[in-house]
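Undergrad: Chain by chain, the residues:
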Amino acid sequence: MENIAALREKALQELKQADTPEALEAWRIRYLGRKSALRALFTNLAGKPLEEKKILGFRINNLKKEFATAYRDKQKELKTIHDQRTTDIDLTMPGIPPAAGRLHLLTQVEQDIKRIFTGLNFSAIEGPELETEWYNFDALNIPKNHPTRDMQDTLWVKSDKGLLMRTQTSPVQIRYMQKHLPPFQIISIGRVFRHEATDASHEINFYQCEGLMVGEDIQLAHFKYIITEFLRQFFGGAVESRFRPSYFPFVEPGAEVDVKIQNSAWLEVMGAGMVHPRVFEAVHYDPKKVQGFAFGMGLDRLAMIKYSIPDIRLLYTSDLRFINQF
Amino acid sequence: MKFSYHILKQFVPNLPPIAELAEKITLHLFEVESNGGDVLDIKILPNRYSDAACYWGMAREIAVICNVPHQKPKTKKIRSLVKKAVSVDNSMPHLCPRIATAYVENLRIARSPDWLINALEASGIRSLNNLVDITNYVMLETGQPLHVFDYEKIQGGGIIVRQAYDGEIVETLDGKKISLTPSTLVLADTEHALDIAGIKGGTRAEITDHTKIIALTAASVDGALIYKTVKRLGIVTDAAIRFSHNVHPVLVDRGLCRALELIQELCGGKLGIITDIYPKPIQPLVIAGDVKKYNALTGCALTDKEFFGYLIKLGFRRAGKKVISPAERTDIEGFHDLVEEVARLYGWERIVPVAPCVTLMSPVPNAIGACKDQARALAAQVGYTEIYTHSFNTAGDIPLENPLTQEQSFLRASLLPGLQKAAEQNLRFNHEVRLFEIGSVFFKKTNYEPEEEIFLGFIISSIKNADSENTRALRGSVEYMLNNLGIENVAFVEQNKNTLIITVGDEAIGQIAYEQNKYAHSRAEINLTKLSLHRKTAKEYQPIAKYPSITRDLSIVIDKHIRIGKIIECIEKTAARDTLQKLDFINRYEDKNAGAHKHSLTFRMVFRNPHHTLEDKEADREMRIIVAALKENFQVEIR
Chain A
1 MENIAALREK ALQELKQADT PEALEAWRIR YLGRKSALRA LFTNLAGKPL
51 EEKKILGFRI NNLKKEFATA YRDKQKELKT IHDQRTTDID LTMPGIPPAA
101 GRLHLLTQVE QDIKRIFTGL NFSAIEGPEL ETEWYNFDAL NIPKNHPTRD
151 MQDTLWVKSD KGLLMRTQTS PVQIRYMQKH LPPFQIISIG RVFRHEATDA
201 SHEINFYQCE GLMVGEDIQL AHFKYIITEF LRQFFGGAVE SRFRPSYFPF
251 VEPGAEVDVK IQNSAWLEVM GAGMVHPRVF EAVHYDPKKV QGFAFGMGLD
301 RLAMIKYSIP DIRLLYTSDL RFINQF
Chain B
327 MKFSYHILKQ FVPNLPPIAE LAEKITLHLF EVESNGGDVL DIKILPNRYS
377 DAACYWGMAR EIAVICNVPH QKPKTKKIRS LVKKAVSVDN SMPHLCPRIA
427 TAYVENLRIA RSPDWLINAL EASGIRSLNN LVDITNYVML ETGQPLHVFD
477 YEKIQGGGII VRQAYDGEIV ETLDGKKISL TPSTLVLADT EHALDIAGIK
527 GGTRAEITDH TKIIALTAAS VDGALIYKTV KRLGIVTDAA IRFSHNVHPV
577 LVDRGLCRAL ELIQELCGGK LGIITDIYPK PIQPLVIAGD VKKYNALTGC
627 ALTDKEFFGY LIKLGFRRAG KKVISPAERT DIEGFHDLVE EVARLYGWER
677 IVPVAPCVTL MSPVPNAIGA CKDQARALAA QVGYTEIYTH SFNTAGDIPL
727 ENPLTQEQSF LRASLLPGLQ KAAEQNLRFN HEVRLFEIGS VFFKKTNYEP
777 EEEIFLGFII SSIKNADSEN TRALRGSVEY MLNNLGIENV AFVEQNKNTL
827 IITVGDEAIG QIAYEQNKYA HSRAEINLTK LSLHRKTAKE YQPIAKYPSI
877 TRDLSIVIDK HIRIGKIIEC IEKTAARDTL QKLDFINRYE DKNAGAHKHS
927 LTFRMVFRNP HHTLEDKEAD REMRIIVAAL KENFQVEIR
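These protein sequences, in sequence, are chains A and B. Just so you know, we're using this note's numbering here: the first sequence kicks off at 1 and counts up by one. Just so you know, we're using this note's numbering here: the second sequence kicks off at 327 and counts up by one.
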């Protein structure tokens with residue numbers, strides 16, 4: 001008995017120390033081979049009585065199995081170490097960025113806004129950039145020879161038909177209402193143009209999002225809800241907003257909405273109000289039967305506030321060092 | 327307009343401190359900038375310029391907004407002491423609905439007292455002398471522009487309101503000689519025009535230090551007329567701005583009487599007879615005030631008393647269920663304007679947001695919007711970065727009337743110039759750039775009507791020279807995008823050495839163009855507006871090929887000038903349609919042995935038959951047919 005136990009301890013101890021394939025092979029010969037100590041134990045069984053033979057035989061067989069398993073495990077271990085030492089791959093090398101393209105920040109903002117309003121069951125529609133005077137001004141209650149025309153400096157196209165580059169996305173309201181009946185809620189995002197010298201806060205072309213919701217009983221309270229909800233989702237919660245009276249010829253009451261992010265000053269982001277009865281008349285709705293609100297906000301301005309961009313012109317420079325930041 | 331805090335305090339004694347006042351005005355009326363000190367810079371909205379751009383109007387508003395007592399201005403009526411008048415002959419009552427004059431003699435022109443000089447300075451007006459200062463100050467106070475003439479210089483002692491003669495010259499107070507036309511109104515005497523009505527006075531009857539007798543005038547002039555005149559003559563004055571915004575005739579006698587009160591106080595003088603010509607007094611507007619309708623529009627729950635209460639505070643008079651609008655409120659036109667007044671006084675912040683309850687609506691179909699979105703996603707996917715450029719160019723079909731710069735005098739007819747310029751700028755910092763832009767371009771079609779369509783443009787630019795790798799990558803991108811947008815029947819037709827026209831069926835929908843300057847530019851432009859009508863987005867499962875394919879390479883030596891596209895066309899036309907699965911152009915090789923004007927091309931063909939396993943001999947047969955066709959159409963050697 002002691003022989004078996006002693007042999008076992010010795011063998012496993014030596015196995016632990018075998019750290020090369022050669023040492024392991026030597027161990028195998030010594031303990032599992034034809035002339036090994038294990039073999040010797042089997043041979044010694046010959047002259048023993050039957051009962052003892054059975055018990056010892058069983059134990060020696062188990063020992064053999066244990067040795068074989070330990071040998072295989074050690075073999076695997078040595079192989080793994082060997083592989084690791086001779087491999088060529090150094091995983092700590094820096095990665096290679098994939099050749100992916102990117103969407104412009106204004107597109108991302110546009111998609112953000114669309115997503116928020118689509119989630120409120122608004123439909124997104126399109127309208128032309130090259131517009132007529134009627135759609136851009138007259139239908140919106142901005143008559144000729146009136147100072148309200150000066151509120152937006154116009155880029156005129158050479159033609160005898162009163163063509164201009166739209167100064168706001170509001171003409172889309174008129175176009176939509178001419179072809180559809182309420183109730184509905186729509187937005188339209190697009191490029192608008194102003195005849196203004198460019199500087200850090202002014203560009204000759206920029207983007208607006210127009211919104212219009214009309215029905216039998218759409219109220220100011222609903223307008224406040226939609227806008228407050230939009231601002232909360234767009235700025236991600238940490239935003240204060242305030243509504244204050246203002247004037248646009250196509251809404252009455254008219255308002256402007258300011259936002260405050262953290263400790264900034266109040267920053268104006270949108271003009272809005274209840275659709276003016278004259279606008280409904282221009283599209284042949286009965287102002288006594290419908291009411292609604294409309295709003296217009298500048299995408300560039302929203303982007304500049306949200307992403308701390310100091311100069312609107314950066315959005316149109318096509319400089320990859322800017323575009324790739326977002 | 328800049329207001330002095332302490333002058334406002336004369337009318338509103340319990341004015342809150344300036345910062346608090348600025349905030350209240352912003353929340354209930356107009357935006358205010360206050361830099362501390364005594365001055366409030368109030369941004370008067372265009373529809374309130376006629377009544378609130380003056381101390382009397384603003385003070386009343388402030389008193390209501392701050393809920394403090396209002397000291398209504400009281401003008402002392404001056405007694406007439408002299409039986410002299412300034413006669414008025416108004417030949418244009420429809421453009422000048424009211425004009426009033428006053429004769430004052432025995433005046434003393436002198437320096438103004440300090441309070442008057444300071445009051446004018448607060449609004450940025452320079453002091454001249456007590457008389458002229460009074461007219462300016464009364465304009466600031468009441469909103470009514472005034473003009474004063476030296477009576478002794480008026481030929482005939484009366485004022486005539488008439489159209490200017492064609493070419494009539496008025497020398498204005500700043501020494502400029504202005505030529506007029508009949509679309510301008512003037513105040514004249516029997517010989518000459520003395521004043522461009524509503525805009526600027528002339529030198530003929532101007533006030534000097536020696537003036538002893540004056541004709542003081544206050545008039546109401548048509549807003550549209552003044553607006554047009556200002557634009558035409560380019561003269562902008564405080565009076566002109568006010569009149570452009572429609573000053574109500576009711577202010578005429580308020581201004582006149584207030585000025586007379588101050589003139590007597592500061593200049594001495596004896597008042598003569600006041601002449602006031604107002605043949606068709608404008609009736610005040612009466613509007614039904616319906617609180618139920620107000621609540622339905624706003625979502626508030628005001629009572630009748632509360633609703634009318636706000637309006638009464640603002641100077642509206644109640645008549646049963648109706649209100650009579652204060653005359654000077656030219657912005658009030660109907661019920662909606664009452665809603666604005668009540669809502670802003672009530673306070674926008676007090677209106678509680680409520681989610682609207684609506685019937686769900688199906689999204690409005692927007693084919694071009696969907697096409698744009700998908701085109702963008704695809705372009706970014708295959709490695710292009712989006713840029714936004716301006717909508718203008720130095721050339722194009724459609725010129726602008728008033729461009730800001732020479733470079734921006736046309737609407738762009740293509741996205742490519744902008745893309746190329748952007749690429750070149752970015753090549754200062756990169757070896758290669760891939761950019762795209764989606765935007766509107768503008769051109770004239772055959773019927774000369776301007777058209778607007780949405781294009782997708784993209785470009786691969788590099789600092790390396792002519793490199794077909796990039797042009798092939800660009801064309802690959804075009805094919806990838808058209809395929810994923812669901813466009814079928816696409817063909818590429820060579821227009822010239824550097825341009826391929828892209829067609830869908832019979833229609834040209836874009837182009838691929840190559841340009842080499844300092845850099846190599848591979849560019850493409852696609853008409854998305856047209857494409858959005860051709861998209862086939864439904865897909866159908868195709869059974870996966872059961873039988874294996876056989877691949878064969880073919881190398882030929884051929885003249886360099888023969889278009890590879892033509893060779894491919896020939897092979898595709900010749901091969902059995904359901905057997906040639908794929909045809910790729912693998913390699914181009916310049917073999918010196920073949921001759922300077924020849925090169926070697928390798929094509930790879932993949933054959934597969936959908937019905938049975940293709941045998942080698944069938945593939946061989948196909949190759950023989952192809953080789954025969956190539957030999958027939960071109961001078962080729964097979965390698």
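Hints were generated in silico from the structure; no laboratory data involved. A virtual CB, placed ideally from N, CA and C, is assigned to each residue, including glycine. There may be inaccurate statements among the hints.
Derived SDA-like pairs: lysine to any residue, alpha-carbon spacing no greater than 20 Å straight-line [claimed, not checked]: (1) B:K554 <-> A:L130; (2) B:K856 <-> B:G891; (3) B:K856 <-> A:K144; (4) B:K770 <-> A:D311; (5) A:K114 <-> B:T877; (6) B:K698 <-> A:R149; (7) B:K369 <-> A:G162; (8) B:K747 <-> B:T720; (9) A:K306 <-> A:D258; (10) B:K957 <-> B:G891; (11) B:K747 <-> A:L320; (12) B:K554 <-> B:H574; (13) A:K288 <-> B:T720; (14) A:K144 <-> A:G162.
Among the chain B residues that face chain A by a calculated CB cut under 10 Å, a handful are [said to hold, decoys possible]: (15) K557; (16) G625; (17) E727.
Undergrad: If any of the earlier hints don't hold here, list their numbers in rising order.
TA: 1, 2, 3, 4, 5, 6, 7, 13
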